[in-house]
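Participant: Taken in sequence, the protein lines are chains A and B.
Each residue of the first sequence is one higher than the one before, counting from 1147 in our numbering.
Each residue of the second sequence is one higher than the one before, counting from 1147 in our numbering.
Be aware that a few hints might be false.
Simulated crosslink set (BS3-like; lysine-lysine; CA at most 30 Å straight-line) [claimed, not checked]: (1) B:Lys1496 with A:Lys1444; (2) A:Lys1427 with B:Lys1496; (3) B:Lys1444 with A:Lys1471; (4) B:Lys1411 with B:Lys1496; (5) A:Lys1307 with A:Lys1357; (6) A:Lys1444 with B:Lys1444; (7) B:Lys1307 with A:Lys1427; (8) A:Lys1471 with A:Lys1244; (9) B:Lys1497 with A:Lys1444; (10) A:Lys1222 with A:Lys1307; (11) B:Lys1444 with A:Lys1497; (12) A:Lys1244 with A:Lys1496; (13) A:Lys1225 with A:Lys1307; (14) A:Lys1222 with A:Lys1244; (15) B:Lys1244 with B:Lys1497; (16) A:Lys1471 with A:Lys1307; (17) B:Lys1307 with A:Lys1496; (18) A:Lys1471 with B:Lys1230; (19) B:Lys1244 with B:Lys1357; (20) A:Lys1427 with B:Lys1244.
Simulated from the structure, these hints should not be mistaken for laboratory data.
Protein chains: 2
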Amino acid sequence: MNKPHRATQEDVTLVGVGASVRREPDDLTWQFASWLTTEDEFSDSVLSSRVRLARNIRGYRFPHRASHEELSAVIKRVKNVCPKCPSLENARYIEIQKLSDLECKYLVERRQASPQLIESDSPSLLILSESEDLSIMVNEEDHLRIQCVEAGLGIDSAWEKITRLDDELEESLDVCYSREFGYLTSCPTNIGTGLRVSVFVHLPGLSLRGKIDSVLERLPDSEIAIRGFCGEGSESIGNIYQISNQPTLGRTESNVISRIIQTAKQLIELERDARVTLLEKSRVTVEDAVFRALGLLKHARVISSFEAMDLLSTLRLGSELGLVKEISRLAVSQLIVLVQPGHLQRIYRKKLGAEDRDMLRAEFIRQNLVV
Amino acid sequence: MNKPHRATQEDVTLVGVGASVRREPDDLTWQFASWLTTEDEFSDSVLSSRVRLARNIRGYRFPHRASHEELSAVIKRVKNVCPKCPSLENARYIEIQKLSDLECKYLVERRQASPQLIESDSPSLLILSESEDLSIMVNEEDHLRIQCVEAGLGIDSAWEKITRLDDELEESLDVCYSREFGYLTSCPTNIGTGLRVSVFVHLPGLSLRGKIDSVLERLPDSEIAIRGFCGEGSESIGNIYQISNQPTLGRTESNVISRIIQTAKQLIELERDARVTLLEKSRVTVEDAVFRALGLLKHARVISSFEAMDLLSTLRLGSELGLVKEISRLAVSQLIVLVQPGHLQRIYRKKLGAEDRDMLRAEFIRQNLVV
C-alpha cells in the first residue's frame, strides 16, 4: 500500500490534523491556504466565503473571440503587470497547459481553477497568491477572473483584499468599463459589477431536523441562489450548500454583498436554532449519528468520497456541539477538503484508480483521526 | 441512565467480556452456562449443540389430555425423583407460573424454556442443572423434555450426559415405551427415539461470499433441516443457522446423531473454505466489513437487537480470522446471547421499553468492547 509522503523539517503541518506534507515552492505547491487554516465567529456554520470579479483588458478581443496570439499577448501583459502588485508578492504563475490531469483536478477541487479553464486548449494562466487567498484565472470566460477566498463569513475581508488587488491591477491595466453599463464582460449576466459572491454553509442541523428543504424554499431573497456543494443543479453532499448572488444588472457591489451576508446570517441563525433544538429534543439521536460517523471513519477500510463527505459532515457537527472532543472542528473541515479524489492523489503523489483511492482515503482518514 | 449491576466478590465474571453480574443462587440465577463459557475445535463455525429427549411417565395421561391434578401429580413425582439423580446435583427447580414476564422471556431466549411452556396455564416446571448444561421441562408437550446443551459441536458429550440423566431418571420412573414403536410421545413425529439434535452454526463466510443460499439448497440429507436463528420459518439473524434432524420414525439414535454431525462437518468445511477464499480474494472487503462492524459497535448510542446480532456476527468472523485482536471470539459469542432483549433487561434488572433497550444495549456493548 502506498504511504503518503512523510513530514520533513521543511514541511508545513496541517493545523489540527496529524498529516503533514512537504511544501515545494517551485511546484504546484501543496500548501495550506489561509482559508483552510483559520476560522471566524461564523465557522460553526460557514466553511468559507468567496468573492470574484470579472475584468477584461481594453485592446484585446474577449477570450472566446480572441486568436491564440491575442490570448498569448494577454498573458504576457498580465505577467508583466502582476509582479508589480503588492497583493501578489511571491505569487505563483501556473501555466494550465503544462499541468498534469492530476494537478488540474486538484486545482478544480480547490475552486482555484474552473473546469472551463482546465479544459481549454487556448493559452491560459492561473496566478496564485502566496497564501492562496487571492487568485486570478487569465483567459477563462473573461481576460481576468480575480478571486478571493476567506475562512468563515469573511466577505468583507475578501472584498477589501480583492478591491485592493483590482485597484493595483488597474493602475497598469486599462480595463473595459462603460459609464452606462459598468464593467463589460463576456457574458451579459456579469456586466456591471462583474461581481459574484459565494458562501459555503454547513447545515447538518437543519438537515437532521428535516427542515432543510422548507428553509431553502422559503428563502426570501429572489436575487440569491442556494445550491448543493458541487454547484449548479447538484445535490448537496455533506450538507454543504453554496449561497451566491444571481447575476443581476444594476446592483451596486455593496448591495450585493449586504444581501448575501443577510441571507447567510439568516441561515446561520436557523442552523444554530436547529442545533439547539436537536440537543434539547433528540440528543440521543444526534449523539448516535455523530458517534456512528466517528466509528465508521475511524475503522472503515474502504470509503468513497461521497460517504466520507457525509460522515465528516456529521462529525463536524459533533465536534461543534462538543460531543466529540478528540478532533477539532477545523481539522474536520480540512479533511472535508483533503479527501476529495484530486487532493488524495496529490497527498499520495500518485494517479490512483477508484478502488485504490477508496482504500487510501480510508487509511488517510484513520491516520488523521487518531488523537 | 440505568447502570448495570456492578461486580462484587461473589460475582461470576463473564469470560473474556468486561461485564460481570452477580450470581443469586436462590433466584433465577444470572449465571454463565457451561455452553456459553467454553469452546471446542469447531467453535470457529459452531456456537452450540443441543440434544433433546421426549419422555412420558406411565400412569398419567399425556399433558394435553391430563387434568390439572394429574399434571400437579407429575410435577410432584418428578420433584421427588430428580434430587436422587447425580446429574442434577444442586439443580434449581423453577415454577414457571411464578415467574415474571421478564424471567420467562429470558429463559426462552436461552432456549431453556419453550414459548409453549411459558404460555401454558397448567402446572409446569423447569429444572436446571447447576452449570445449565442439563435441563428438564416438565409438562410441556410431553411429561419430560430433557435437554443438554454443549459448546461447539459437543453432540457426543451432550448425548453422553443426557443418556446418563435419562438412565438415572428411568431407575425411578417408569416411562412409556413400546417394544414395537420405541418411546411414546404426544406428537407422533417424536415417537421412537424422542430425540431431537440441533447445531447452531455461524456461517458469515458463506454469507459474505454470497454462497449461503446455494449451499443450504443443495444440502444432501433429506432428513436434516436447516433454519434461521429463530427456528422454523424464520430468516437467519447474524448468519446463525440451526441444523436439526427432521422428525422421522424408525431411525436409531446413533443414526440421527451421525447424520447431524456429518452435515454439520460438511457445512463447517464449506464455511472454512469460504473464509480462506475471502482472505485470499477479498481481504480488503472482509476487513472493511469487520472494522465497520467494530466501529459501529464501539460508537453507536442506539442499537436494535437485529443490528447488534448482525454486527456481532461480522465481528466474530473478524476475531476468528485474527483481524480484530482486541476481543476474543468467545467474548463476541457471549455478547450475541447477552444483547437479546430479555437478557438485557435481566442485566439491567429492569423492564425496559424498546427505546431504552436500544440505548442500554449500545451502552452495554460499548462497555464490553473496551480493551
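Participant: Under the constraints set out in the numbered hints, which ones does this structure not fulfil?
Facilitator: Of the numbered hints, 1, 4, 5, 7, 8, 9, 11, 16, 17, 18, 19, 20 do not hold.
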